[in-house]
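Engineer: One letter stands for each residue in the lines below.
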Amino acid sequence: MNVFDIIGPVMIGPSSSHTAGAVRIGRVVNKLCDGHDPVKAWITLSGSFAKTGKGHGTDKALLAGIMGFHSYSPEVKDAINIAKNRGIDFSFTNEDIKGAHPNTARIGFETADGRSGEVLASSIGGGNIIISRVNGMKVDFNGNSNTILVMHTDKPGVIANVTNMMHWEYEDLNISSFSLSRQEKGGEAIMTIETDNVPPETLIEDIRKINHVTNAILIRRL
Amino acid sequence: MKYESIQELVDAAVDSNEKISAVVLRDQAAAMDKTELELWEKMETDFEIMKQSVINGGKKDLRSMSGLTGGEGFLMKEYADKGKSLCGPFLAGAMSRALSVSGCNAAMGRIVAAPTAGSCGIIPGCLISMCEDRGVPEKDAVMSLFTAGAFGIVIAARASIAGAEGGCQAECGSAAAMAAAALVELMGGTPRQCADACALAIAAQLGLVCDPVGGLVEIPCIKRNATGVMLAFSCADMVLAGIGSKIPADECLDAMREVGDAMPASLRETAKGGLAATPTALKLSRDSECMRKN
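Same order as they appear, the protein sequences are chains B and X. Position in the first sequence (first residue = 1) + 380 = the numbering used here. Position in the second sequence (first residue = 1) + 21 = the numbering used here.
Just so you know, these hints were derived from the structure itself, not from any lab. Where is the CB? At the ideal position from N, CA and C, for every residue including glycine. It is possible that part of the hints are untrue.
Said to hold, decoys possible - Using 16 Å as the maximum straight-line C-alpha spacing, the simulated EDC-like pairs for lysine to aspartate or glutamate come out as follows:
1. X/LYS23 <-> X/ASP308
2. X/LYS55 <-> B/ASP576
3. B/LYS434 <-> X/ASP271
4. B/LYS518 <-> B/GLU564
5. B/LYS535 <-> B/ASP576
6. X/LYS160 <-> X/GLU62
Claimed, not checked - Listed below are several chain X residues computed to face chain B (Cβ distance under 10 Å; list not exhaustive):
7. TYR24
8. ALA52
9. LEU60
10. MET64
11. ILE70
12. ALA127
13. VAL133
14. GLY139
15. GLY184
16. GLY187
17. MET199
18. LYS293
19. LEU303
20. SER306
Claimed, not checked - Which bits of chain X does chain B cover? Going by a derived footprint, with three or more residues having C-beta under 8 Å, they are:
21. 168 to 182
22. 230 to 240
23. 285 to 292
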């Protein structure tokens, strides 16, 4: 967290946690769409998001983010209509997600080219967020750093191959945080890699070429 | 710096014989891999947006999305300009700015969260008034935002800045405490006095619940921004008069966290208790539902 997380963000009102934070959660989904248009969004709201989301424009904010708008974009105010015009199939359901932070949303999505996924995220105040699950796997990042998500099959050497390549090909790139989560031994797994500096575009392509890596997504500092 | 205690901020400033803002600017520039000038310019932009939100929110016909609120900043300014305010023109002007920024937010206008949107009027209300009505140079006000921000980081780490977690003490309480620290620095107070002003403001709003009518950031939020401004000025003035805080700021923040944890969910932004549960609030919220549907 830095001073601009506190004096900031610059945002469309009325609520930093329920509006701006919600846009940022939506933007993570947009990044996971990997440049393809989202066509479906099933949104589950929990806790205070469910109870007071409507009055804070949380629904508009999440959709605005999913469509790639920013928390300071004037379009936030009109996101429901924009989503309808774009033909996005969206729904909102309220559910008490057990053990979740008071402001939590679970978003299932599908893109025009058939990709799908799910994000569980919370808005923890002042527009700050925490992503706690991607596609059912535990993660822990906040979008305040540049984050690389590497989806892969849990095999020996994959982590070494990714980090070695990062070191040899992009020697200035410094990893500030690393974590791994997997569904089961030998199954689907996800690496969360945060870096100090901005990773170049080519890095993601290079990671995708590595054996057993199924996909890599760069989420730039939100 | 780790920003885990106010004491750390005070020690760092005292050790290098500087203002807290100077230490924070240097430290943050290093941590963010940017120059001090880049960070200063970004903060200056934020200050400009704050000033714009005073203007945008001060319009006579401004109305919130729900239609429940609007125009408070305009009325207060008109009253302040008549010069008959009980608080005096300076404080009435500061209140009008806080009401305007907060009204701008409720109308889905552009604001700077400080630390949150619900409490976005307090810091601009205090600092812009110091510039426009007390002749404080704008560059000093921009610097003091680094002090306010640093206090905010500690508050977020040690207690909370989310109403859903800690009630309104976490939002308007935090903003008033951050503003009080910034005001003391602007007035030439010591780092220790900045910490004391923060402590007094936290202590004064300990236990304040988050009970937005209809779940909207409007009632009582907008007016609590005006009273938050008054609290920041009164705490800063007490400290500058030589009245310190008996309880250190860090202990006040620990107490704030404990109080927030003890608050029932009904008083943490769920609109199930407090003012939000009064008969009039329920009626207003039903009426605004109708308005939103139309």
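Engineer: Closer than 10 Å between Cβ atoms is the bar; does X/LEU60 clear it against chain B? Give me holds or violated.
Structural biologist: This hint holds: X/LEU60 lies near chain B, its Cβ roughly 8 Å from the closest one there, short of 10 Å.
Engineer: Identify whether the interface hint at X/LEU303 stands, where standing means a beta carbon of chain B within less than 10 Å of its own.
Structural biologist: violated (14 Å)
Engineer: Have a go at the X/GLY184 hint: is there a Cβ in chain B nearer than 10 Å to its own Cβ?
Structural biologist: Check passed: Cβ of X/GLY184 comes within 7 Å of chain B, closer than 10 Å.
Engineer: Checking hints one by one. Is X/ALA52 an interface residue toward chain B, by the C-beta closer than 10 Å rule?
Structural biologist: X/ALA52 check passes; min Cβ-Cβ to chain B is 7 Å, inside 10 Å.
Engineer: Can the hint on X/ILE70 be confirmed by a CB-to-CB distance to chain B that is less than 10 Å?
Structural biologist: holds (6 Å)
Engineer: With a cut-off of 10 Å, does the beta carbon of X/ALA127 approach a beta carbon of chain B closely enough for the hint to hold?
Structural biologist: Holds - the Cβ of X/ALA127 comes within 10 Å of chain B, reaching about 5 Å at its closest.
Engineer: Would you mind confirming whether the straight-line C-alpha gap from X/LYS160 to X/GLU62 stays at or under 16 Å?
Structural biologist: holds (10 Å)
Engineer: Given X/MET64 as an interface hint, is its Cβ closer than 10 Å to any Cβ of chain B?
Structural biologist: Holds, because the Cβ-Cβ distance from X/MET64 to chain B comes to roughly 7 Å (cut-off 10 Å).
Engineer: Taking 8 Å as the Cβ threshold, is the statement that the stretch 230 to 240 of chain X is covered by chain B upheld or broken by the three-residue rule?
Structural biologist: holds (count 6)
Engineer: Three residues or more, CB to CB closer than 8 Å: is that satisfied between the stretch 285 to 292 of chain X and chain B?
Structural biologist: holds (count 5)
Engineer: Can the hint on X/SER306 be confirmed by a CB-to-CB distance to chain B that is less than 10 Å?
Structural biologist: This interface hint holds because 8 Å falls under the 10 Å limit.
Engineer: With a cut-off of 10 Å on the beta carbons, see whether X/MET199 makes it to chain B.
Structural biologist: Holds: closest Cβ of chain B sits about 8 Å from X/MET199, inside 10 Å.
The structure fails to meet hints 1, 3, 5 and 19 from the earlier list, while all remaining hints are met.
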